[in-house]
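Chemist: Sequence:
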Amino acid sequence: MNLGIEEIRPNRSQPRRHFDERHIEELAESIRSKGVLLPLIVRRDSDGYVLVAGERRWRAAQKAGLRELPVMVREVTDNESFEIALIENIQREDLNPVEEAEAYKRLIEEHGLTQEELAARVGKERSTVANALRLLRLPDAIKEAIVAGQLGMGHARALLAISDEGDLRKAAEKVIAENLSVRAVEALVQRLKSRRLPGKKRDAHGGAQVRHLIEKLQRRLGAKVGLRDKGGKGVLEIRYGSLQELDRVLAAILGE
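Per my numbering, the very first residue in the sequence shown carries number 429; after that it's consecutive.
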């Protein structure tokens, strides 16, 4: 069955909201030369036909100048239409991670599904659904960066380990500016977390006193000294660059 392109309306509840214009143009070129190979799925309503699945093809066909499109008409409810669109987009990997997470959240809330039930419906592992939903905890600016393709799912999952929002924003900016790999982001997160180990907060005088002692020890040993503190206990690190430097440091410690 074919329908006039003007008879078809996009679905306002479509889970996908971000369409890459470059990809639409590429698809339009393909449609100009080969036509629309897969029919769109539509449903009938009082005003005509609403898209259930295939909005990217519909947009590209408009750019290609087509007047008619092949369609399959399905009798489905609004909720069923949303679920079909979500599953099609997931199978084609057409959703960005934030759109996918928001669609999962909507299905859980509107259908009263558990994460396990939702995972079974969309053909995913429960852990995949859970990790996707965690993205919705991120600040809007970071979610926008994910939608724009500046941050990937791996970057976002690593950043979720940062509890302080200020640190989180700075880390995300650094990742984008320096185009860091996921492994580099994980290392960055570990460094940030090590600076914020739980324990008693030192007062300003106590912190200054510790810094003074470290500086004094560094002068005495002629080597870099680091301190990691947790709840009044910790690790004192002495760094050396060669075996000769190690011998000199040990001699200074032992008084030789």
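The reader is advised that the hints may include incorrect statements.
Said to hold, decoys possible - Keeping only pairs whose Cα atoms sit at most 30 Å apart, straight-line, the calculated DSSO-like set for lysine-lysine is: (1) K661 - K621; (2) K602 - K644; (3) K598 - K621; (4) K571 - K644; (5) K533 - K598.
Keep in mind the hints are simulated off the structure, nothing from the lab.
Given the structure is predicted, the values throughout are model-derived calculations rather than measurements.
Chemist: Return the numbers of the hints above that this structure violates; sort them in rising order.
Modeler: Of the numbered hints given earlier, those the structure breaks are 2 and 4, listed in rising order.
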